[in-house]
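Protein sequence lines, in the order shown, are assigned to chains X and W.
Read in order, the letters of the first sequence are residues 1 to 381 in this note's numbering.
Read in order, the letters of the second sequence are residues 1 to 317 in this note's numbering.
No wet-lab data here; the hints were simulated from the structure.
Just to be clear, a hint being listed does not mean it is correct.
Stated by the list, open to error - EDC-like, lysine to aspartate or glutamate: derived pairs with alpha carbons at most 20 angstroms apart:
no. : chain 1 : residue 1 : chain 2 : residue 2
1   : X       : Lys211    : W       : Asp93
2   : W       : Lys87     : X       : Glu214
3   : X       : Lys183    : X       : Glu45
4   : W       : Lys252    : W       : Glu301
5   : W       : Lys224    : W       : Asp198
6   : W       : Lys255    : W       : Glu278
7   : X       : Lys165    : X       : Glu152
8   : X       : Lys183    : X       : Asp259
9   : W       : Lys252    : W       : Glu238
10  : X       : Lys378    : W       : Asp93
11  : W       : Lys252    : W       : Asp288
12  : W       : Lys255    : W       : Asp274
13  : X       : Lys378    : W       : Glu75
14  : W       : Lys87     : X       : Glu212
15  : W       : Lys87     : W       : Asp169
16  : X       : Lys211    : W       : Glu98
17  : W       : Lys252    : W       : Asp274
18  : W       : Lys87     : W       : Asp175
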Amino acid sequence: MNGFWAILLKEFTHLRRDRTTLLFTLGVPLLQMTIFGFAIQVTIENIPLAVLDLDGRQDSRRLVDAMVNTRTFQVVRRVNSLEGLRRSLTSGAAKAGLLIPADYSERLLRGEQAEVQLLIDGSDSQVASTALNAGSLLVMQMAVGRARMFGEAMQMAPSRGVTGKAAVPIELRPRMLYNPDLKSSHFFVPGLIAIILQVVLVFLTSFSIVKELEMGTLEQLFVTPVGRLGLLFGKLIPYTLLAFAELLVILVVMRLVFDVPINGRLAVLIGLSLLFIVTALGLGLLISTVSSTQLQAMQFAALIMLPSVLLSGFVFPRSEMPWPLWAIGFVLPVTYFVEILRGVILRGAEIADLVPHIFGLAICCAVILGLSLTRFRKQVG
Amino acid sequence: MNNEAVIRTESLTRRFGDFVAVGEVTFEVPRAAIFGLLGPNGSGKSTLIRMLCGVLRPSAGTGSVLGVDIGANPEAIKRSIGYMSQKFSLYSDLSAVENLRFYGRIYGLDAARQRRREREVIELTGLGPYVDRLGAQLSGGWKQRLALACALIHEPEVIFLDEPTAGIDPVARRDLWDLLFALSHAGVTMFVTTHYMDEAERCTHVGYIYQSRLIALGRPGDLKVMPEVTPAGTRRFEIQCASPAAALAAAKNLKEVRDATLFGTTLHVLVAQDLTPESLLGLIAAGDASATCRPIGPTLEDVFVLLSRRETARGAA
Chain X
1 MNGFWAILLK
11 EFTHLRRDRT
21 TLLFTLGVPL
31 LQMTIFGFAI
41 QVTIENIPLA
51 VLDLDGRQDS
61 RRLVDAMVNT
71 RTFQVVRRVN
81 SLEGLRRSLT
91 SGAAKAGLLI
101 PADYSERLLR
111 GEQAEVQLLI
121 DGSDSQVAST
131 ALNAGSLLVM
141 QMAVGRARMF
151 GEAMQMAPSR
161 GVTGKAAVPI
171 ELRPRMLYNP
181 DLKSSHFFVP
191 GLIAIILQVV
201 LVFLTSFSIV
211 KELEMGTLEQ
221 LFVTPVGRLG
231 LLFGKLIPYT
241 LLAFAELLVI
251 LVVMRLVFDV
261 PINGRLAVLI
271 GLSLLFIVTA
281 LGLGLLISTV
291 SSTQLQAMQF
301 AALIMLPSVL
311 LSGFVFPRSE
321 MPWPLWAIGF
331 VLPVTYFVEI
341 LRGVILRGAE
351 IADLVPHIFG
361 LAICCAVILG
371 LSLTRFRKQV
381 G
Chain W
1 MNNEAVIRTE
11 SLTRRFGDFV
21 AVGEVTFEVP
31 RAAIFGLLGP
41 NGSGKSTLIR
51 MLCGVLRPSA
61 GTGSVLGVDI
71 GANPEAIKRS
81 IGYMSQKFSL
91 YSDLSAVENL
101 RFYGRIYGLD
111 AARQRRRERE
121 VIELTGLGPY
131 VDRLGAQLSG
141 GWKQRLALAC
151 ALIHEPEVIF
161 LDEPTAGIDP
171 VARRDLWDLL
181 FALSHAGVTM
191 FVTTHYMDEA
201 ERCTHVGYIY
211 QSRLIALGRP
221 GDLKVMPEVT
231 PAGTRRFEIQ
241 CASPAAALAA
251 AKNLKEVRDA
261 TLFGTTLHVL
271 VAQDLTPESL
281 LGLIAAGDAS
291 ATCRPIGPTL
301 EDVFVLLSRR
311 ETARGAA
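Next comes chain W alone, as it looks inside the complex:
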């Protein structure tokens, strides 16, 4: 059962007039996975989620959630999925528990199950002290927890989260991810869109959507070892030096350096194999005795940046 695909799409496409919002996207999400969908604003993430949730009809291609076709039978999907949108979309003049009760009624839970689920999701999300607060009076993090609690009230098998952590503080963000892991352990499949690379690293599977097309797909570990990310004859180094900005400028002028980016106070460079760490330091941080250089693997960000560049180059060609 573990390898069964809960979400499956085949060349899924959505056009708005001449504009292609999602173009021929094909992927599968196995049960209990946390699938992270990344991509810049306007790349088609929300459009894809809306199609999978059955509120937007695909223009072409097919997709299914829990074996139900999203084009042919969108209403049948809705009973077994949860959805949490990027902005707070609960009723701000209803209290937390009233919102929970409202969604319970919408899903037609009977009284006993409603009580049990209310207790369970309140305990899971830690909403206990805030149940009687109006939606409007909750802070950003608590609003998101309430939204998640509402999305979970009917025990969905799949949850779609559209940028659930946008605009909330780091502590609330980590707490929310802890919740997602707990759900994943309980067998719930999650489809999350995000802008944060560190969140992408936590996902079991990631996809990167760029200009409406899915250009990367796989487990984070598998993506990092893709040959395109570290082409044959190149290596990656992390350089620690006194003035990384100056080192970056110097590195960009070297023909052996394929890629260079600042990472906090360090510099990540992708260089030709034949350039030794010592000569590299001599070239870009000359006279800095404390400068160090150590080999590193690629991050997901490296993967996505490289793939996007390749895609842009292909588009220009």
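The shape of chain X in the complex, shown without the other chains:
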């Protein structure tokens, strides 16, 4: 631990004088929180809809109104030819087109099956599947409603509710737990803590070491009696504190700005975050031992960041991934930490609920720290 205080004090002086790093440390998280918390809306509403209503009577208008009332669709254009409908979709003005045939009302009146067509632009799969689900559900509900009406009129029903009215035989009663309003910020912001901590820690620690390597100051230090551990702890502790402060800021912003409640225990959250912070520091250190320039360090860090964002389950559910990509997730510390964060923050999970994830994170931590500590030597060449 020789020279620990010397390095620690020096590192704080660097931090105080290096405005760019401070800006990076504080600016990047704010930017990421804004983007993921506000800009990315996963719940899709107001899909632009073009309507070709060849019927135009009360029943067809009721259908169009019902579609708009779901808030999933928004009528942007009413056209009066098939060609017009087609053009609305090819031009991108509408993402869905509703075609109501001229005999829609008559068929309903006569008790024959009426058909309406919903054309969906499949190029954006998320929008398309939302349109498909919302459209099918709506028409299904209207159809059931009509069926019930006929049944009542004929004094018969497949089943009856508590009030004795005709009802569908099985009704699903869903209840959204943990995130009742299905706000995407509840999904993204807790996971974002892992991403932000990893970005800041991996970049800052690897840069602070490789910068000294590039400047030649590291070799100068190797010639002094500074201890390996003194050098490492002196360099890493300031960044640990910085990351910890950042964690607190993110938690406060998450609670106050995004209104995400912390349902679990704060002590569990902070304790497990510290485990992740140590892991990310080790990752930064590991990168610094394989890079000889800051540019290389940045490339390595970017190489780790990409799968950490895309394959950890932070954005896309891992259960949907093909198995090789799914497997990669297991070697990323972020994967475990994202699960832990969502568990503690959203579901109020306790340590006992999270054992597999804590175990995974601890193994990552041990492997990464072990590798980087054996690679970091007071030797050149």
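Using the hints, position chain W against chain X.
The following block gives chain W in isolation, referenced to the frame of chain X:
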């Protein structure tokens, strides 16, 4: 005590894969000596210094600094040596005095000693007016002085300087050498690598490393009188004439001339004993009445050039 060897190596070797960076180097440096290590770029000077400073493990052979083995116990050496590298390797966002304080803390100086040493090295290097400047704001010469001050903060017994004067102006260069002499008088041993022959002449001992091997070793005066440098039956002359370049071309065609080089506006030649100065002038500067010829001794450069050529010839044979 004066003859005690502070640095000692025995067949010290470092290989990087198949490449031999330093090959079987054996030498000794006595206390308070200024040992100058010369050699072309890539000849292994920095590798040798790194091994002696304990940051690079030798592949074979042994070495010791102040009696401590560099292979077995590299960390033990570091407390009593100073190191100044060829490029400025201090913190440019720290002021001069902050750099000094940082290194003081690294060496674990207590507060009183830190204050005393800060005062002493600032006075020695004349850094006084610049103590509050950031490293980045210092000029080349002052950066080197600050680097030396930092290397001296813990009163090391040995200092390793890797091309300390590369890229600084002549005045700063001379000032730095004056500092080195002052330190040598105070009993500090210095190991300096350089490209400059005039700096080599100032050293108490020199070594010349060529293609990873140490091919010359000794005091500058002793090296110049080596028989290989002025082989039996030859003499050295300095020729002053109107067109030295033409004289050089003429000299190179004579079989009696063993070696000829331009030295500023003069020509240095090594010729067979039986060729008199008068006939030499007649052969290479015919018709130049003002041409003069006087006998001279070899310079260190002559020594190193001759030894390198011999080594190359041996390698080719």
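Outcome of the hint check:
no.: 1; hint: X/Lys211 <-> W/Asp93; verdict: holds (13 angstroms)
no.: 2; hint: W/Lys87 <-> X/Glu214; verdict: holds (11 angstroms)
no.: 3; hint: X/Lys183 <-> X/Glu45; verdict: holds (13 angstroms)
no.: 4; hint: W/Lys252 <-> W/Glu301; verdict: holds (19 angstroms)
no.: 5; hint: W/Lys224 <-> W/Asp198; verdict: holds (14 angstroms)
no.: 6; hint: W/Lys255 <-> W/Glu278; verdict: holds (17 angstroms)
no.: 7; hint: X/Lys165 <-> X/Glu152; verdict: holds (8 angstroms)
no.: 8; hint: X/Lys183 <-> X/Asp259; verdict: holds (10 angstroms)
no.: 9; hint: W/Lys252 <-> W/Glu238; verdict: holds (15 angstroms)
no.: 10; hint: X/Lys378 <-> W/Asp93; verdict: violated (23 angstroms)
no.: 11; hint: W/Lys252 <-> W/Asp288; verdict: holds (18 angstroms)
no.: 12; hint: W/Lys255 <-> W/Asp274; verdict: holds (12 angstroms)
no.: 13; hint: X/Lys378 <-> W/Glu75; verdict: holds (9 angstroms)
no.: 14; hint: W/Lys87 <-> X/Glu212; verdict: holds (13 angstroms)
no.: 15; hint: W/Lys87 <-> W/Asp169; verdict: holds (15 angstroms)
no.: 16; hint: X/Lys211 <-> W/Glu98; verdict: holds (19 angstroms)
no.: 17; hint: W/Lys252 <-> W/Asp274; verdict: holds (17 angstroms)
no.: 18; hint: W/Lys87 <-> W/Asp175; verdict: holds (18 angstroms)
In this structure, the one hint that does not hold is number 10.
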